Amino acid sequence: MLCGDVLERLSAFLDDELDPLGSREIQQHLDRCPSCADELDRMKGLGARLRAEAPYHAAPDSLRTRVSQAAWSDAGRGLDAGRRRGLGARSWLSAAAVLVAVVGGAWLFTSSQREGTMEREIVSSHIRSLMAGHLMDVASTDQHTVKPWFNGKLDFSPPVTDLSTSGYPLIGGRLDYVRGRPVAALVYQRAKHLIYVFTWPDEGALDLEAPPRTRMGYHVIHASHGGMAYWVVSDLNPKELHTFAQLLVMGGGR
Amino acid sequence: MNLGREPGTEGPRRHLSPRDLERFNECVLPYLDAAHNLARYLTRDAHEAEDAVQDAFLRAIRHFGGFRGTDGRAWLLSIVRNTCLTRLRGRPSSGQSVEFDEEIHTAEEGAPGPEVDLERKAVTESVSEALGRLAVEFREVLVLRELEGLSYKEIAQVSGVPIGTVMSRLARGRKQLLLALAPLGPKETG
Numbered sequence: 310m311l312c313g314d315v316l317e318r319l320s321a322f323l324d325d326e327l328d329p330l331g332s333r334e335i336q337q338h339l340d341r342c343p344s345c346a347d348e349l350d351r352m353k354g355l356g357a358r359l360r361a362e363a364p365y366h367a368a369p370d371s372l373r374t375r376v377s378q379a380a381w382s383d384a385g386r387g388l389d390a391g392r393r394r395g396l397g398a399r400s401w402l403s404a405a406a407v408l409v410a411v412v413g414g415a416w417l418f419t420s421s422q423r424e425g426t427m428e429r430e431i432v433s434s435h436i437r438s439l440m441a442g443h444l445m446d447v448a449s450t451d452q453h454t455v456k457p458w459f460n461g462k463l464d465f466s467p468p469v470t471d472l473s474t475s476g477y478p479l480i481g482g483r484l485d486y487v488r489g490r491p492v493a494a495l496v497y498q499r500a501k502h503l504i505y506v507f508t509w510p511d512e513g514a515l516d517l518e519a520p521p522r523t524r525m526g527y528h529v530i531h532a533s534h535g536g537m538a539y540w541v542v543s544d545l546n547p548k549e550l551h552t553f554a555q556l557l558v559m560g561g562g563r
Numbered sequence: 009m010n011l012g013r014e015p016g017t018e019g020p021r022r023h024l025s026p027r028d029l030e031r032f033n034e035c036v037l038p039y040l041d042a043a044h045n046l047a048r049y050l051t052r053d054a055h056e057a058e059d060a061v062q063d064a065f066l067r068a069i070r071h072f073g074g075f076r077g078t079d080g081r082a083w084l085l086s087i088v089r090n091t092c093l094t095r096l097r098g099r100p101s102s103g104q105s106v107e108f109d110e111e112i113h114t115a116e117e118g119a120p121g122p123e124v125d126l127e128r129k130a131v132t133e134s135v136s137e138a139l140g141r142l143a144v145e146f147r148e149v150l151v152l153r154e155l156e157g158l159s160y161k162e163i164a165q166v167s168g169v170p171i172g173t174v175m176s177r178l179a180r181g182r183k184q185l186l187l188a189l190a191p192l193g194p195k196e197t198g
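As given, the protein sequences belong to chains L and U, one line each in that order.
Heads up: the first sequence begins at 310 in the numbering used here, then just goes up one per residue.
Heads up: the second sequence begins at 9 in the numbering used here, then just goes up one per residue.
So that you can see chain U by itself, here it is in the shape it has in the complex (with noise of 0.2 Å):
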């Protein structure tokens, strides 16, 4: 296995120095457990997540030279965020909303959407499958919030969204995923 070695990356760049892989492993490589779940979350497949963090590495290794932050997991976890939205992307038929908008998404309470499909579903789902069936971006700020615990400033740095997208995002996920996992609910009853 040639990890280094990508192709196209041939070009002159600067490689890692001595002091660089240093403050590579102390800044980045422990948050390889954040990354591998958080790609494990977003692209729901073992096999998946794991070339996902791969490619994120050798980005993060690629590009590590540019990093002038403190913050490293922020850092990585949006390289490995970005690079499991472009493999989704790429997924011939994933099926899944990727795209997002918030203006078309932020239906009003009550409207037909995938809600009233979660709530059919609530009886025996177990959080994590209640989890996976969410859109990926309230998936996303949920796994970062609850299972990262970072803060909303953070959250923002690794999906390029405004604070207050942020917020939104996980109010409406955390709504969904209680429909989701709520014993029937009042219209489903009798």
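The shape of chain L in the complex, shown without the other chains (with noise of 0.2 Å):
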């Protein structure tokens, strides 16, 4: 074999793409020609390279947010035309019914599965408050700050924990009701990320779920340790979500 014929092939050999006798064909060719050889680790160099520096370009929260509210906005929308021609009646709803309609209807669903209901109540629970801006009640960094302004609002005092020497600073916390109670949500920071995390008492075992679970475009993380639950949501990439997860949950016995 010809080494311009090798290399009119080498780049979808190092991908795995060709048939195995070709695959075959290259590989003895390599072992026997150095040039060759060199053009093949110059390329596996620009793979590594691409991936090394050229920075990924992961979508901003806010577009985020607007995607997933088209989508419930547009599900929305049918649920509501279906209303309307089921009630047979020609009402004009206000632009606030059919808000009503489109919240409310991706809620009923959301909670109508049976699997996965808490997870998406906790995601559910994250993207309403980013659709309200309702992000945080108490916006302090300071561990100290956060914790006592807890006090009288919940029956339990949350673990707040200061990551922030492991790049993961705290921001902030607000109240949040899930599954009828009240909890707290604290939420942290990872560079442009914000992670939400969601406590209340729990007796559960020792319990870190790995890998993250993903919901709606977001990783969904459940633990349960010191007589507290967690459940962690972002979207962060799911490997920095689990090594917080377990810094949260290490740290967090108070």
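Hints were generated in silico from the structure; no laboratory data involved.
Each hint should be verified, as a subset may be incorrect.
What the hints assert, rightly or not - Calculated lysine-lysine pairs in the DSS-like style (CA-CA distance at most 27 Å, straight line):
| id | chain 1 | residue 1 | chain 2 | residue 2 |
| --- | --- | --- | --- | --- |
| 1 | L | 353 | U | 183 |
| 2 | U | 161 | L | 353 |
| 3 | L | 548 | L | 501 |
| 4 | U | 161 | U | 183 |
| 5 | L | 501 | L | 353 |
Model, not experiment: these values are computed from the prediction.
From the two separate chains plus the hints, produce the assembled complex.
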């Protein structure tokens, strides 16, 4: 086999996209031809450089919120149109009523699913807070400000851990309702990604799920430790989110 | 911001059913990052990329009822890709060779062409700058392959070209990029 023929197919060989016979031919040639082998190494190096140096442009949070909202709105209009047909009424619905149908509709069917209900509920709560722009009731990077803020608002004292030295600064907290009970929602940050931690007392065994599950574009991890349940939700990449959850739970015994 | 209501979509069309929405959230939305990354490399502009992805998602939502496949990623990325290229064509002075003809562009090695140009600027160029300078067809396959890890078959689906074309574009794209990144080529030394 000539070097010219080999070089032409080297890129496909590297990607493992040649048939077994073709691949073997190339391999045999490479074993004998240092200059083609060098070329293969350069191509491999190029791939590694691209992955290491070319920035990966993840979608900004605002775009994520807008596209999820667009899908929800669309489904909401579908429900609304169906309901109008069903009632046979020609009633004009106000914008507010449509909005209720959208949110209510999406909410109803998300919670109607048996499997992963909690996960959905957590993610929905997270998305609603993004949509409403209601991220935090108390904005502070100081755990000694955030923790006392919950006093008298909750029937428990949530563990508030500062993980800023590990690269996950606390930026605030708020109250939320999950399964009909008030819970603490803590907000952490990693680069441009926000991480939400919902926590409440729960006598579960020590447990930390891996890898995170994905719902509606968000990654969700459930953990329990020291008599508290934690639900962690973010669009941060699963690997870092898992690290964060480990730090949180291990450092979170108060 | 009223995303869902675009002009020209008032006609009767099927909205997402709750089941559609569920399916959309499971097999399309998770690829938002991939969509944005691709758009960013194709358009080379942060705002343009966001707008293109938003447009692409609206189209995806509108046409989701007709999507029967299982590969939501390739489906979404092909919409994003087409949206980006359409926008690039509409750009007044982009200076980009968006139209691509395998016959014309498959010049013989050593022929004067973009390679020579790339080579000259080699010394200080970063890998992403060099990538940005490639013709959009080569940039596209390199991003899909090296950053997203798509198979040739998937790339073919996204780009709407035969697998053989994916193969030759990747080979040529890599060659051009290596040339651009190499320290001064032998022709330039001295």
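Going down the list of hints, with the structure as the test:
Proposed proximity of residue 353 (chain L) and residue 183 (chain U) is supported: the alpha carbons are some 12 Å apart, at most 27 Å. For the hint pairing residue 161 (chain U) with residue 353 (chain L), the CA-to-CA distance comes to about 21 Å; that is within 27 Å, so the pair holds. A distance of roughly 16 Å separates the Cα atoms of residue 548 (chain L) and residue 501 (chain L); the hinted pair therefore holds under the 27 Å criterion. Restraint check for residue 161 (chain U) and residue 183 (chain U): satisfied, since their Cα atoms lie roughly 21 Å apart, inside the 27 Å limit.
With a CA separation close to 31 Å, the supplied pair residue 501 (chain L) and residue 353 (chain L) exceeds the 27 Å bound.
Hint check: a violation occurs at hint 5 only; the rest are consistent with the structure.
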